[in-house]
Every structure is written in structure tokens, then in C-alpha cells.
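Engineer: Starting from the structure of chain A, add chain B where the hints point.
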Amino acid sequence: MKDIQCQINGIEVRVPEGTSIYHAAKEANVQIPALCYHPDLPAWAACGICVTKIEGSPKMMRACATTVQPGMKVITHDSELHQVRKTVIELILSTHPNSCLTCPRNQNCELQRLAAEFGIREIPYEMNVPTIEKDESTPSIVLDPEKCVKCGRCVNVCQHMQNVWALEFIGRGDDTQMKPAGDIALNETPCIKCGQCSAHCPVGAIYEKDDTREVIRALRNGTQTSVAQVAPAVRVSLGEAFGYEPGEISTGKLYAALRRLGFDTVFDTNFAADLTIMEEASEFVKRFAKGDGKLPMITTCCPSWVDYMEKYYPETIPNFSTAKSPQMMMGAMVKSYYAEQIGKRPDEIFHVSIMPCTSKKYEITRDEHMYSTGHKDVDVVITTRELARMIKSAGIKFSELEDEEADPALGIYSGAGTIFGATGGVMEAALRSAYNFITGDNMARVEFEPVRGLEGVKEAAVDIEGTEVRVAVAHQMGNASEVMNRIKAAEEAGEEPPWHFIEIMACRGGCIGGGGQPYGATDEVRKKRMAGLYSDDQQSVTRVSHENPQIQAIYKNFLGEPLGEKSHQYLHTHYTARKLYQR
Amino acid sequence: MAYNQYILVCGGTACMSSKAEDIYCNLLDELDAAGVRQDVQVVKTGCFGFCEKGPIVKVLPDEAFYVEVKPEDAKELVAEHVVKGRAVDRLLYREADSKENAKIDDISFYQKQVRVVLRNCGFINPESIEEYIARDGYAALEQVLTEMSGDDVIAELEKSGLRGRGGAGFPTFKKWSFTKQVEGGQKYVVCNADEGDPGAYMDRSILEGDPHNVLEAMAIAGYTVGADSGYIYIRAEYPLAIRRLQKAIEDATEMGLLGDNILGTDFSFSVEIRLGAGAFVCGEETALLASIEGERGMPRPRPPFPAVKGLWDQPTVINNVETWANIPVIITKGGDWFAKIGNGASKGTKVFALTGKIRNSGLVEVPMGTPLRDIVYNVGGGIPDGKAFKAVQTGGPSGGVITADYIDVPIDFEHLQELGSIMGSGGMIVMDEDDCMLDVAKFYLEFTVEESCGKCAPCRVGGRKLHTILDKISKGQGKPEHLDQIAEIGLSMQRASLCGLGQTAPNPALSVIRYFRDEIEAHITEQQCPAGVCKDLVQYFILPDKCIGCTLCARRCPVNVISGERKQVHEIDQSGCIKCGECYEACKFGAVARR
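Residue numbers (this note's numbering), protein chains in the order written: chain A, -19 to 563; chain B, 2 to 596.
Just chain A, with the same shape it has in the complex (with noise of 0.2 Å):
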């Protein structure tokens, strides 16, 4: 593509053809105030506080909506556009509630950073809050419509990138409303926990369901032993509250931090991704070399894609893993083989998760198999950003902890366990075993590019003795179709699958990605996390999950063999088909 050259507020600046001036005008170090934008997101150019203008032009022109052209002259600041400005923010102000104070999104909200830089003292229009009631339906997510500011974001992410549909625009005017159509609940409809609309929502009206509350409580308590669990994604973005960038791995300050607040036992989910890979790898190796099951094979790590397929795909079902989620399997190793080993009963252990992900909230009473040791497997999951908060709040000085290990039985994890939650991961990971069970050694480079990054279908063929294993992966819910649909035109056509496995994660980038991850991720946030996943692989003693002494300890102690029958009883699970709308 090629580079234009413009002006902004006078400084020349080249940037590429189709660039909006929101984007140009960062070339000339010139942030542009916006609500409604988001770079995920085309633009949808509803705030109005993006306005600029453009020399020769009688209109001002939406920053986030208006490409550069050649030679065009762009004022992005003047005591007019100011006064717009506010004016715009204040009638905003006019219809929000004033209650930061007992808001989630407290010093943390984008409508607040634009009336604190504008600095707004009064409203000086008459206030006009709706009310409406919250929905809290879901285990995952809050809806507060009264915070609303109707930037759309989070019906254009649950449409268009994720293509669930759950969210609408309903009314018109100012009776417009982000909810579901209909007048149901959000838990009858297609919602499917992903919590991308809370990640995007630039003030309090989505938020995720907060735990903590229980959390807090069973560590006060003390009469249970407490046992976290700390999912992939969660050491490289957790930084980011305490002022580390992006993709910083704090694996041992968290672990620090867990038992600081009061966790017994700290084990990593990554172990239990080592556990998944041992399973899912057995059962891709039964269906493709022996040929007892059903091809494509389709990853089910993601509670929000399990759900997603149970709704749009449930004649895929047969195409499913029946391996748990790593979070499930650690929920019943926890409650089983480590209780057993500290002489405890399920019941007496309370074991939470920390998860970058609203879904996993979810989850963990989705069916009866997540409850495969006589109680919940897991009792709670938190959020990355619930667990910032309980650390801030506990008083902890995270940037001056300690790096601690996470308690061995079901805390050694292998590279390939820590790259679960970038998109492509558990397909890498999974390949690796595959590959070894397959032939009896390892891959000669255990990396293996084609699955990594950002594209939103990615796939690749692995030479397996001579065989050509063909994968897909897919993030970001709205990119499943495209793999599902090729999947079913391939069957109804009678021909060959045009895959053999295939993962999909619901959000973009994967769980780095997560609804539940600290605000403010855009793809090049989602980068650097993911290349904090991969360096905390490439930094492993081991690099393939089957390698993990912890876990040919697990088989050897407890689970006897992958797809044995203590694995059937603990770690596999099954899927039903669900009704879109519930009612």
C-alpha cells in the first residue's frame, strides 16, 4: 500500500493510504479525545467527540471515520472543536449516572478520563438518568444499562466479531438501549459468556460478575484448605494493573501474591494444559491413526466455543474432544488425587480459579461432569481483573514481591502447557505430543509458526512419517463460521474433510485475549502478551507436555493411562445440543 503525506495541525506527516486521521494524527503525537472508537472495531462514528476539521471543508469531520487524503490540512484542535467537545462530553454526562464512586469501572473508565481531561465542574444541562434494572442472568456478566453511553461497541462485538447476536439496539432516540431483543433475559439468549462486550465497553454498564466477595470469604474462614488455580494468560497480563507492560511474565510474584492473601496451596493450570494435551493428543491419535472416531477433530478447551457449537453446530458434536477444559481437569485432580494426598475430602477443599475469562465463571456448573468428584470441581473463578483488585485491596506491593513456585504435585508445567492461552497453542502443543505418539520421538523443532498470530483463520499441514496431519485454527467467535462452514460443505459434497484438527478459541487473539483480561486490549496489546506466552515457553526446561514429570507421576500414581478409565471418570466430559433462545 502505499503512503500519503498530509497535515496535521500543520506538521507533515506520510502515513499508509486509507489511514483515519485518528490514526495520522497519532504520527504527529496528537491524541484525538473519543468515546465510541475502538480499534477492533470499524468505526461507528456515534460519539461525536472525535470531530476535526479539515481546511476547505464548511463540516467537521468524524477523526475515527475520515480517511487522510493526499495534501489534506487537519485542525484536531481549536477553541471551537473544544467547546463542541464539551458540550458533546457534558450532554453525555447529562444522561450517566454520577456514581463513580461505587462503580466497577472507578478510575478506570473512559468517560471519566474524557470529563477529567476536559475539566468538567458542573453539568450545566438538567440530569435525565433512566432507570433500569440490571440483568444479571448470567453467571458471567452484569448489563447496567443505566451506565450506558450507547457507543455500540458492544453490539458490534457480539455481532460482528463474534457473530453471537446475544446484544441489540433496541428503542430509538434516547429510549435506545444496548440489550438483548425481545425483552428476554441475557441468559435466553445466544450469549455465550465470552465477556468480549464487558472488555470493550468503555464505562460500567458491562462488567463481569464479581467473586470475590466469596473468595474473600472462604479465605477468612479457614475451615476449608484453599487451593488457586492460575490459568496461562493470567501471568503475562496481570502486570498491567501494577504498571508493567503488556506480555511482562510475573508467573512468580502471582504465585507470591496468591499466598499472600492467604491460598494454602498455589497450582498452575498450565499442569492441567500439560494433562489436557496427554488426553486430547491420545484421543487425536485414536481417531487419526487408528481411525475409531471422528475427523476433523475440534478442540474444546474454550467454554464459550463449547457453548457456542452447542448452539449454532450441535451436529458437530461428534467432532468434539470430550476432553475437559485444563481448568476442569485441575477442578478434579484437586478434589481427587490431591486430596487424597493430603488426606482431605473433596468438601473439605475450596479451590478457585484465576481465569482471563468471564465464561470459565460459567463453566464450572455448565453440566454434571463438572461436578465429577461429588462436588463442584471448582468453587469459584475469578477474573484477572477480580484478582487485581483483591491484591490492591490486601495491601500487597506487587512489583516488590518475591518470585515464589507454585506447589509441585500440580504446579510443574512444560512450554508447550503455557502457550494454551495464545490462539494456536493448544493445536502447537497438541501436535507436539501427537507427533511422539505417533512415531516414539520428538519433533525435531518443536515450534511451529503457521498456528501463531493474529490471523483470524490460520492453517497449516504437519508431515507425520510420511502422512499429512492438515489443521485449522480459528479465534474471535465471528471467524468460526468460515472453518465450519467449509467443514459441512465438505460432507454434504461426500468429500475428504479439508482438516484433520482444528482448534477455535472465542476470543481474538485467544485467552490473552480473554473477556476477563485487564481493559485496554487492542491487537497490539494482544502481541505482546502472546509473545510473553511464547518466551515463557522457549524459557522451559521442558518443551513437550508428556515430558512433564509431574505429569507421568499423575499416570503413574493416580490416572494409570490417557483415555483410561480413571481419565473417563475425571477428565472427559460430554456435549448437548441447546436450544438458541432459551425461551
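It is worth saying that the hints were derived from the structure and are not from the lab. C-beta atoms are modelled at their ideal positions from N, C-alpha and C, and glycine is treated no differently. Mixed in with the good hints there might be a few duds.
[Unchecked claim] When the alpha-carbon atoms are kept at most 16 Å apart in a straight line, the in silico EDC-like pairs for lysine to aspartate or glutamate are as follows:
id : chain 1 : residue 1 : chain 2 : residue 2
1  : A       : Lys66     : B       : Glu572
2  : B       : Lys473    : A       : Glu106
3  : B       : Lys480    : A       : Glu90
4  : B       : Lys334    : B       : Glu159
5  : B       : Lys547    : B       : Glu572
6  : A       : Lys291    : A       : Glu168
[Claimed, not checked] Facing chain A, according to a computed beta carbon distance under 10 Å, are these residues of chain B, among others:
id : residue
7  : Glu294
8  : Gly295
9  : Arg297
Structural biologist: For chain B alone, kept in the frame of chain A given last:
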């Protein structure tokens, strides 16, 4: 077969709702009964424009103009006029101050009008393609297909100076050439028939009275820019127009004037109708396109303009009904002919829906540049009941007012803009001394607040706040700083709203503050509504020296708050008065005063 006489019955929506259909059927029955059916052709036409006097029946060649006709008048019309050759005097139109019956050509309502767009409305049966063809219909399309290139058409449009009639007045030839310039690929032609201004019905009347005119124009555009498919987006509240359009499409397709290989050439063009649910914002072109695509009708940022990236992201020519209706005649008579009509940079004519405090309300078509005075006093016949002219609102909810000081302003794009109003699609509402300008601005804001799609903050919130402020002022709760706030909010709406609806929504409020500041300030500082409209600021009371105690006001009062003995001075209990004005209207002695 030659007919001796033609009876034209207005078949526009307004006359139809006053039983024009029954008049038409009764006329046929009576002609049958009288045994003269074969001598007379009865035609149900489009709107005559003179809606004030509908239903209207014209008899040609006698030039008889019957007004306010009822179905039962059919018998007399046939027995007297047709059979005996004697006009039915009591039904003939008379000018307001005249005792003479007026011939069609002498009616002042029509005299200053020039009918270009409406040339067929009221003359032909809109459901007959043959009648359209008989009046040079589809001649322009034939000419274009056989003799002209796309560039020739655009050159002709450029010569004509035609500008969009939907509101902003963008040169039509430019729009078309932008779309034409895009190389290859699927392109579309769209007719915007989502007429939504309160009181406006120009587009409806054109589609009801001359649907082929629009179809022909769309086909010409298709040929010119390289599009093979067109959509007419029309609101579902226009069932008659929809039915006639549907029939017109079918007839034209059957005759090879639409569809594949039109007139035996390589050019193919088809038209489909899309019904709108009546949202005002869908008249905004990008919202309209979104609606056709099946999306929620919300505007999209421009640029890219639809001419380059429109329907389903393809280059799309989108014009308003009235703009389309100008195209065929520009081709047949030439751009130079068209450019001779009009004023300055505003060429041709403009159709207005003239309503409000005016004698002859109706649909009028005048050359651009016609002085407002001519429209109000000649065409419109002036203000009824001897009241004083106060202002005219043009451009509907997006426009502003023109005051008596500017009554001689030529009505064209430039002059209206200078005065802070706009041409808009052609609503023209006349107000007299009894109208409160604050109330007028409040009415329009109520409309735009209701019709805002809710997408952009300046329009969604700003409109509501403006309305709230005006409402407070109308209730006597206004504060001097409110006028500054209106200016502030107005500026933000104009500059930061996404589409024309929001950008122009503050215009009525800003316009009345500009021209009637004293009147608005009276509401704030003196708590008075000079026109006596704002209920919270008005009091009705009885003048003791004029009241003769006739009791009429007390009997009319719906809430029984007027007391007084017969032949004694009456009194109104202010605490219970709902300010309906019934007493004021009822009193024959001028004893009820309003303040």
C-alpha cells in the same frame, strides 16, 4: 373511439379519503343509467394539488372545475352537465372574493404555478401506461438508449442545472458522474420515497399521480451510470402510491420498458420496491441504504458517499422522488430549456406542500425564485379570517422561519440558506399572529427527538435537552441563560451530529431565537406568551364591561369553572381552568379576554 367529454376525478390520497372512489363509481353508474357511457371517459387521475377544495372533479373540454364534490352529486353532474350541457352551478369553484365561477385557467391558485414535475398529475390515469406514453412517456428513455451515451446524459443534466430536491440541493449531474466514474462492477439506482416531514406529501402525490415518470428516470440513470437494478424505498404508510408503483412496474416490464433488453437494446434494468416502516431517519440516504440491506435504519459516516460506496458497498445513485421526476422532461426538452426556468443557481421548479394558516392549502409547483409573497398571497390566497401573516416555516423540522420582513424573498436554495432556513424537501407551513413561535420550535423538536435514531450523542441527547429547555420556557420556568444553552447545544448538534437529521434539528429553535427573540424573551422575563398559545402562561378572564351574562361561555366550559347568574357578569375560576379556549371562541361579545 372518440369521446365527447372527459371527466377527471382526483384520485390522490386526500380526495380518496373523501370518497373520491365512490364519486368515480357513481359517475360510471349514472353514465350507464343515462345511456351515455360511450360518449364520456371518466379518468381517475393523480392529485390536482388544490387539496383544500377536494374532492375535485374536472370536466373537459368544458373547463368546468367542480370542488368539494360528494358521491351523491354524481347523479346531478351527469343529468345536468353531461346530458343537458348545463354546468352545476353550486359545485363550481369560485374565487374567495368573487361571485363568478372560475374557469380552470383563471383560478389564481394555478396561475403562478408552472407544472414541470407535476405535468401529468391530474391529467392522466396513473394506472395506465398508455396514457403516460401518449404524453411523451418513455420517449426520453428511448432517446437516451438509442441516441445518447452516458456522458451525453450527464452533460445534459449539467446544462439543466438540476439540483437534488431532497434537501441539500447537491448538483444531480455530479452525483451521477461519481457513480459512473467507478469502473465496472455491480451498481445500483435508488429512489428515496421515504418522505417524512410533517405535512409534506410532494413525493407521495408524484408517485400516485405519475409513477412511470419516476421509473423512466431511474432506468435512464441505470443506463447512464451502468446499473442494472433499482430500488424504490417507500414508506408503508403510502399504500396507494405503492399499489400504483407496483402496477406501473408490472406494466412497464410487460411492455419491455423495464426488464431485460429494454426496447430491444443491450440495456437491462429492473426495479424493486422496498417498504420502510416510517422512521423519519430512513429518509437520510445512508440510513435508507442500511434499511434496504435489512439493517437497523441508522446513518453511516460519509464519506465514503453512496455514489461511490452505497448499497451493499456498491456505487449507488440515490435521488429523491421529485428529483427523479425532473429527469425525463430534461432529456426530451433539453437541459437548456430547463435552465431557463428558475433563478440564479437554482434551476427548474419546486413543489411545495403549502399548509397551515393559508386559504388554499395544497400541492403547488412554482419556478425556483418565485417570491414568497406570490406563493402566500396569489397561489395560497392569503391568510384566512383577516389575520396577519407572521412567518413561513420551510424545510420542515430541519428548516427555519421566514418572517414578514422577508416576504419578498425569492424562494431558492441560496436565499433560504441566507435566512438560516433550508429548502428541504418542500414543506411550507404558514403561520399567523395566533401562532407562538416558541411553540412552533417546540413542536419540531418534539418531532426530531422522537425520530432521532439514537446513534449519535449530539442528536440523541442534545435534541432532548433543547426540547426540555423550550418546554421549561413555555411553562414560565425559563431562565436567561437558557438562550445561551440553546446556542451551545445547537452548535454541537450542527457540528458533531452524524447525519442531516441531527445537524439540522436545532435549526427551528435557532431560527426562532434569531427572528423572534423578543417573543421568546417575553416568555422568560415577563412570563407571557404574546400569541396566547403556551397554556401555562395564558389566562382567560371575562371583561365585566362587555359581558352581558348570556351564559354561553359557562355552558361551553368543559370543566364547569365559569359561574354567574343569567344577565349578570360571569367569572372564571382560574384554579380549575384548563385553558382550552372554548369560552374565548364561544363569546359573541368579545367579553372573554386572553392574556
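Engineer: Does Lys473(B) pair with Glu106(A) here, judged by a C-alpha cut-off of 16 Å?
Structural biologist: holds, 11 Å
Engineer: Per the CB criterion, is Glu294(B) less than 10 Å away from chain A?
Structural biologist: violated, 14 Å
Engineer: Verify the proposed pairing of Lys480(B) with Glu90(A), using a straight-line Cα cut of 16 Å.
Structural biologist: Roughly 33 Å between the alpha carbons, so the hint for Lys480(B) and Glu90(A) is violated.
Engineer: Identify whether the interface hint at Gly295(B) stands, where standing means a beta carbon of chain A within less than 10 Å of its own.
Structural biologist: violated, 13 Å
Engineer: Hint check: Lys291(A) vs Glu168(A), CA-CA at most 16 Å. Holds or violated?
Structural biologist: holds, 12 Å
Engineer: Sort out whether Glu159(B) lies within 16 Å of Lys334(B), counting only the CA atoms.
Structural biologist: Status holds; Cα separation ~14 Å.
Engineer: Against the 16 Å threshold, does the CA-CA distance of Lys547(B) and Glu572(B) hold or violate the hint?
Structural biologist: Measuring from Cα to Cα gives roughly 12 Å; hence the hint holds.
Engineer: Take a quick look at whether Lys66(A) and Glu572(B) sit within 16 Å of each other, Cα to Cα.
Structural biologist: violated, 53 Å
Engineer: With chain A as the partner, please determine if Arg297(B) meets the hint condition of a C-beta pair closer than 10 Å.
Structural biologist: Arg297(B) check passes; min Cβ-Cβ to chain A is 6 Å, inside 10 Å.
Hints 1, 3, 7, 8 from the earlier list are contradicted by this structure; the remaining hints agree with it.
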